[in-house]
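Enquirer: In order, the protein sequence lines correspond to chains A and B. At position 43 of the first sequence the residue is numbered 43 (UniProt numbering), and the sequence of numbers has no breaks. At position 77 of the second sequence the residue is numbered 77 (UniProt numbering), and the sequence of numbers has no breaks.
There could be a bad hint or two in this list.
To be verified - Not everything, but these chain A residues come out facing chain B in the computed CB check (under 10 Å): (1) Leu28; (2) Gly43; (3) Asp44; (4) Thr45; (5) Pro51; (6) Val56; (7) Met68; (8) Arg77; (9) Phe95; (10) Thr96; (11) Val98.
To be verified - Straight-line C-alpha distance at most 20 Å; calculated EDC-like pairs for lysine to aspartate or glutamate: (12) Lys64/B <-> Asp52/A; (13) Lys42/B <-> Asp18/B; (14) Lys42/B <-> Glu19/A; (15) Lys31/B <-> Asp82/B; (16) Lys64/A <-> Glu19/B; (17) Lys42/B <-> Asp74/A; (18) Lys42/A <-> Asp74/B; (19) Lys64/A <-> Asp97/A; (20) Lys64/B <-> Asp44/A; (21) Lys64/A <-> Asp62/B; (22) Lys64/B <-> Asp18/B.
Derived by calculation from the structure, the hints in this document are not laboratory data. Virtual Cβ for every residue (Gly too), placed ideally from N, Cα, C.
Number of protein chains: 2
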Amino acid sequence: MYRLTVLYNQPTDPAAFDEYYTSTHMPLAAKLPGLRSVAVSKGDTLDGSTPDVYQVAELYFDSKQELMASLSSDEGRAVSADVANFATGGASMVFTDVTELPL
Amino acid sequence: MYRLTVLYNQPTDPAAFDEYYTSTHMPLAAKLPGLRSVAVSKGDTLDGSTPDVYQVAELYFDSKQELMASLSSDEGRAVSADVANFATGGASMVFTDVTELPL
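Using the sequences and the accompanying hints, generate a full structural model.
Expert: Pasting the structure below:
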């Protein structure tokens, strides 16, 4: 599987971020061609302080080719353009070809 | 599941990083109490440029409590102390309570 991880930094208004993410951004992302699964989780800290990373979204595709085709589609461009509408703390993307290693 | 993600920035010598990671760091990490699974993957870019994030390691535990106990154990302290021995580009940690969202 090929994965796009989006790391959202702490936004200025977390409640507004959550509302927009759920009502608008997730439905847009769900339309991405070739998207196989999504995992969304909140950043955390061990000492109770505010985490730098507020939210992590992981989007899985069958291959890098599938992901590239998806991001360059109309749906992909709409999702990318939407990030600026709510990611007030900024966001960074990490691309990985996921390999699970047994212990 | 509770996850610790370690994002390793591009090291000064990737080959040396890989050698040390496989021969020394992974065996130390495999001894972490309560560690349920590990996924290690290389960072990538879509345009062929050098990625900022060289490698991503994901360590899964049953709960935040299990992870905290693991990191504060002798084995956990040894793993944490070892990072400085090879992560020449630096590393950042992200903690997340993983929630899988269906499409």
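Enquirer: Does each hint fit the structure? Answer for all of them.
Expert: Results of checking the hints against the structure:
With 10 Å as the threshold, the beta carbon of Leu28/A stays out of range of chain B, its nearest partner Cβ sitting at about 12 Å, so the hint is violated. About 6 Å separates the beta-carbon of Gly43/A from the nearest beta-carbon of chain B, less than 10 Å, and the hint is met. This hint holds: Asp44/A has a C-beta 4 Å from the nearest C-beta of chain B, less than the 10 Å allowed. At about 6 Å, the closest approach between the beta carbon of Thr45/A and any beta carbon in chain B falls short of 10 Å, and the interface hint on this residue holds.
The interface hint given for Pro51/A holds, since its Cβ lies 7 Å from the closest Cβ of chain B, which is under the 10 Å cut-off. Taken as an interface hint, Val56/A checks out: its beta carbon lies about 5 Å from the nearest beta carbon of chain B, inside 10 Å. Interface hint at Met68/A: satisfied, since its Cβ lies 6 Å from the closest Cβ of chain B, which is below the 10 Å cut-off. With a least beta-carbon distance of about 14 Å to chain B, the hint placing Arg77/A at the interface is violated under the 10 Å criterion.
Hint status for Phe95/A relative to chain B: holds, with the closest Cβ pair at about 4 Å, below 10 Å. Nearest Cβ of chain B to the Cβ of Thr96/A: about 4 Å, under the 10 Å cut. The hint holds. Given hint, Val98/A at the interface with chain B, holds; its Cβ is 5 Å from that chain's nearest Cβ, closer than 10 Å. In summary, the hint linking Lys64/B to Asp52/A is supported, as the alpha carbons are separated by about 18 Å, within the 20 Å threshold.
Proximity of Lys42/B to Asp18/B is assessed by CA-CA distance (about 10 Å); at most 20 Å being required, the pair is judged to hold. Pair hint Lys42/B plus Glu19/A does not hold up; C-alpha atoms about 33 Å apart against a cutoff of 20 Å. As the CA atoms of Lys31/B and Asp82/B are separated by approximately 13 Å, the hinted pair is consistent with the 20 Å bound. A C-alpha spacing of about 26 Å is found between Lys64/A and Glu19/B, which places the hinted pair above 20 Å, so the restraint is violated.
For the hint linking Lys42/B to Asp74/A, the alpha-carbon distance of about 28 Å lies beyond 20 Å, and the restraint is violated. A threshold of 20 Å between alpha carbons decides the hint, and for Lys42/A with Asp74/B the separation of about 28 Å lies outside it, so the pair is violated. Proximity of Lys64/A to Asp97/A is assessed by CA-CA distance (about 8 Å); at most 20 Å being required, the pair is judged to hold. For a cut-off of 20 Å, the pair hint linking Lys64/B to Asp44/A stands: about 10 Å separates their Cα positions.
As the CA atoms of Lys64/A and Asp62/B are separated by approximately 31 Å, the hinted pair breaks the 20 Å bound. With a CA separation close to 29 Å, the supplied pair Lys64/B and Asp18/B exceeds the 20 Å bound.
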